[in-house]
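S.K.: Residue-level listing of the chains:
There are 2 protein chains.
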Amino acid sequence: VRRFVIIGQTALASGDFSLDDLASSSGRLDALLRCVRAALLVSHGLRREVLVYLILRGGPSAPRVVRIDGRTAKFLRPDERSLATLLKKTLAVGAGPELAEVRPGLSLCEGDLDKVLEDLGDGSCYVLDERGHDVRGQELPEDAVFFVGDHLGFDEATLTCLQDYRRLSVGPVSLHSDDVVTLLTNELDRRAG
Amino acid sequence: VRRFVIIGQTALASGDFSLDDLASSSGRLDALLRCVRAALLVSHGLRREVLVYLILRGGPSAPRVVRIDGRTAKFLRPDERSLATLLKKTLAVGAGPELAEVRPGLSLCEGDLDKVLEDLGDGSCYVLDERGHDVRGQELPEDAVFFVGDHLGFDEATLTCLQDYRRLSVGPVSLHSDDVVTLLTNELDRRAG
Numbered sequence: 001v002r003r004f005v006i007i008g009q010t011a012l013a014s015g016d017f018s019l020d021d022l023a024s025s026s027g028r029l030d031a032l033l034r035c036v037r038a039a040l041l042v043s044h045g046l047r048r049e050v051l052v053y054l055i056l057r058g059g060p061s062a063p064r065v066v067r068i069d070g071r072t073a074k075f076l077r078p079d080e081r082s083l084a085t086l087l088k089k090t091l092a093v094g095a096g097p098e099l100a101e102v103r104p105g106l107s108l109c110e111g112d113l114d115k116v117l118e119d120l121g122d123g124s125c126y127v128l129d130e131r132g133h134d135v136r137g138q139e140l141p142e143d144a145v146f147f148v149g150d151h152l153g154f155d156e157a158t159l160t161c162l163q164d165y166r167r168l169s170v171g172p173v174s175l176h177s178d179d180v181v182t183l184l185t186n187e188l189d190r191r192a193g
Numbered sequence: 001v002r003r004f005v006i007i008g009q010t011a012l013a014s015g016d017f018s019l020d021d022l023a024s025s026s027g028r029l030d031a032l033l034r035c036v037r038a039a040l041l042v043s044h045g046l047r048r049e050v051l052v053y054l055i056l057r058g059g060p061s062a063p064r065v066v067r068i069d070g071r072t073a074k075f076l077r078p079d080e081r082s083l084a085t086l087l088k089k090t091l092a093v094g095a096g097p098e099l100a101e102v103r104p105g106l107s108l109c110e111g112d113l114d115k116v117l118e119d120l121g122d123g124s125c126y127v128l129d130e131r132g133h134d135v136r137g138q139e140l141p142e143d144a145v146f147f148v149g150d151h152l153g154f155d156e157a158t159l160t161c162l163q164d165y166r167r168l169s170v171g172p173v174s175l176h177s178d179d180v181v182t183l184l185t186n187e188l189d190r191r192a193g
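Chains as they are written, first to last, in this note's numbering: chain V, 1 to 193; chain H, 1 to 193.
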């Protein structure tokens with residue numbers, strides 16, 4: 001199972017955002033939702049062997065983790081408003097200390113990166129970094145774990161926590177996080193078949 | 001200048017869609033808007049040397065062409081609602097037989113593929129096709145023109161019109177159009193620098 005961990009430095013951890021003004025009211029949760037689409041959805045379908053973790057660090061309910069599991073997820077659609085509606089419902093419930101399924105395939109808990117690392121278990125971990133090794137020259141197992149920052153990048157504490165992992169780059173231009181997820185996904189698709 | 005031509009078989013050619021229900025009310029214009037983001041926007045910026053043509057074939061005002069020019073475009077933001085708002089305003093005006101600028105960098109006209117081909121002038125044209133040649137093995141000039149279908153693919157008349165152009169594929173999985181644009185963009189970025 002491929003895994004993407006997207007860290008939203010300001011993305012709201014509660015459902016207290018407006019669907020009509022997502023980009024301004026959600027701490028840029030919209031950017032994370034676009035990563036969900038890029039990781040999990042293909043033309044007319046859902047990728048089953050993919051897990052996406054969103055780390056939400058914005059607002060008074062933060063930090064919280066949402067895990068989206070392609071094997072059991074339902075009702076995932078590519079447009080931002082549909083994804084935002086699904087997240088809003090998921091975030092409306094109380095979060096406990098352990099990941100618990102709130103809706104089909106969507107689980108929620110209190111916690112930050114440490115909680116995600118605990119849930120990940122084994123796996124080869126990679127941190128996306130513009131100065132990293134070109135992904136095209138790297139061995140990548142199908143169960144790779146990719147840590148991707150948002151528009152603010154990683155903070156120092158996160159970088160320290162991830163310092164032992166290999167740095168990867170997807171190309172010479174600084175891209176949106178969802179483009180990074182698309183490029184990594186294509187890299188794995190090409191190796192798989 | 002790189003050019004992308006995205007053909008929306010059902011995408012509404014008028015602004016008569018609801019911003020609150022974009023995916024259902026716009027004939028899947030949302031999918032085309034995601035292509036605009038993928039082609040024109042990077043982390044904290046806009047790509048100047050890119051042109052995107054949207055061919056809108058849905059509804060009674062169809063067909064119409066919108067051209068978005070990165071050299072002069074303003075107010076482009078990555079979230080779907082912002083892009084939809086901009087398109088709605090652009091499509092609200094009357095369209096003449098020739099491309100005319102309606103808002104900064106956004107031009108509109110009546111017409112279909114023939115109008116786009118006329119406006120493109122010279123350039124190496126490629127048609128995205130899952131059975132095409134792998135893009136990684138191809139020479140690609142920086143002024144390449146890519147024709148990309150939507151979720152319905154190309155119709156027969158369009159394929160006939162584009163039959164002399166080389167077929168390219170971006171990988172083994174059938175992807176959303178915006179992912180295709182991201183992968184082509186990365187290919188050109190890598191060759192440029």
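Just to be clear, a hint being listed does not mean it is correct.
Estimated spans, in silico, between C-beta atoms of each pair [to be verified]:
#, chain 1, residue 1, chain 2, residue 2, range
1, V, 139, H, 172, 15 to 23 Å
2, V, 139, H, 20, 20 to 28 Å
3, H, 136, V, 117, 13 to 21 Å
4, H, 98, V, 74, 46 to 54 Å
5, V, 24, H, 104, 17 to 25 Å
6, H, 191, V, 163, 30 to 38 Å
Listed next, the in silico DSS-like pairs over lysine-lysine satisfying Cα-Cα at most 30 Å (straight line) [what the hints assert, rightly or not]:
#, chain 1, residue 1, chain 2, residue 2
7, H, 89, H, 74
8, V, 74, V, 115
9, H, 88, V, 88
10, V, 74, V, 88
11, V, 115, V, 89
12, V, 115, V, 88
13, H, 115, V, 88
14, V, 89, H, 88
15, H, 89, H, 115
Simulated coverage check for chain H against chain V, where a stretch passes if three residues somewhere in it have a Cβ under 8 Å from a Cβ of chain V [to be verified]:
#, region
16, 16-24
17, 28-39
18, 42-55
19, 108-121
20, 167-174
21, 180-192
For the record, the hints were derived by calculation from the structure and aren't laboratory data.
Beta carbons are placed, not taken as given, at the ideal position from N, Cα and C, and that holds for glycine.
S.K.: Give a verdict on every hint.
M.R.: Quick rundown of the hints versus the structure:
Restraint check, residue 139 (chain V) to residue 172 (chain H): a C-beta distance of roughly 19 Å satisfies the suggested window 15 to 23 Å. A hinted range of 20 to 28 Å for the beta carbons of residue 139 (chain V) and residue 20 (chain H) is inconsistent with their spacing of about 46 Å. For residue 136 (chain H) and residue 117 (chain V), the hinted distance range of 13 to 21 Å is not satisfied, since their beta carbons lie about 34 Å from each other. A C-beta distance of roughly 47 Å is found between residue 98 (chain H) and residue 74 (chain V), which places it inside the suggested range of 46 to 54 Å.
Taken as a hint, the range 17 to 25 Å holds for the pair residue 24 (chain V) and residue 104 (chain H), whose Cβ atoms sit roughly 22 Å apart. Between residue 191 (chain H) and residue 163 (chain V) the CB atoms are about 33 Å apart, so this pair conforms to the stated range of 30 to 38 Å. At most 30 Å may separate the alpha-carbon atoms for a hinted pair to count; residue 89 (chain H) and residue 74 (chain H) meet this at roughly 14 Å. Restraint check: the Cα-Cα separation between residue 74 (chain V) and residue 115 (chain V) comes to about 24 Å, which is no more than 30 Å; the hinted pair holds.
A C-alpha spacing of about 26 Å is found between residue 88 (chain H) and residue 88 (chain V), which places the hinted pair at or below 30 Å, so the restraint holds. Taking the CA atoms of residue 74 (chain V) and residue 88 (chain V), the gap is about 15 Å. The hint holds against a cut of 30 Å. In summary, the hint linking residue 115 (chain V) to residue 89 (chain V) is supported, as the alpha carbons are separated by about 22 Å, within the 30 Å threshold. Between the alpha carbons of residue 115 (chain V) and residue 88 (chain V) the distance comes to roughly 21 Å, so the proposed pair stays at or under 30 Å and holds.
Restraint check: the Cα-Cα separation between residue 115 (chain H) and residue 88 (chain V) comes to about 43 Å, which exceeds 30 Å; the hinted pair is violated. Taking the CA atoms of residue 89 (chain V) and residue 88 (chain H), the gap is about 29 Å. The hint holds against a cut of 30 Å. Only pairs whose Cα atoms come within 30 Å are accepted, and residue 89 (chain H) paired with residue 115 (chain H) is accepted, the gap being roughly 22 Å. Under the rule that three or more residues need a Cβ within less than 8 Å of chain V, the assignment of the region 16-24 of chain H holds, with 5 such residues.
Under a criterion of three residues with beta carbons nearer than 8 Å to beta carbons of chain V, the stated coverage of the region 28-39 of chain H is upheld, 5 such residues being counted. For the region 42-55 of chain H, the stated coverage by chain V is satisfied: 3 residues place a CB nearer than 8 Å to a CB of that chain, which reaches the threshold of 3. Under the rule that three or more residues need a Cβ within less than 8 Å of chain V, the assignment of the region 108-121 of chain H is violated, with 0 such residues. Only when three residues or more bring their CB closer than 8 Å to a CB of chain V does the claim for the region 167-174 of chain H stand; here the count is 5, and the claim holds.
Counting residues of the region 180-192 of chain H whose C-beta lies closer than 8 Å to any C-beta of chain V gives 7; at least three are required, and the coverage claim holds.
The structure does not agree with the numbered hints 2, 3, 13 and 19 stated previously, though it agrees with the rest.
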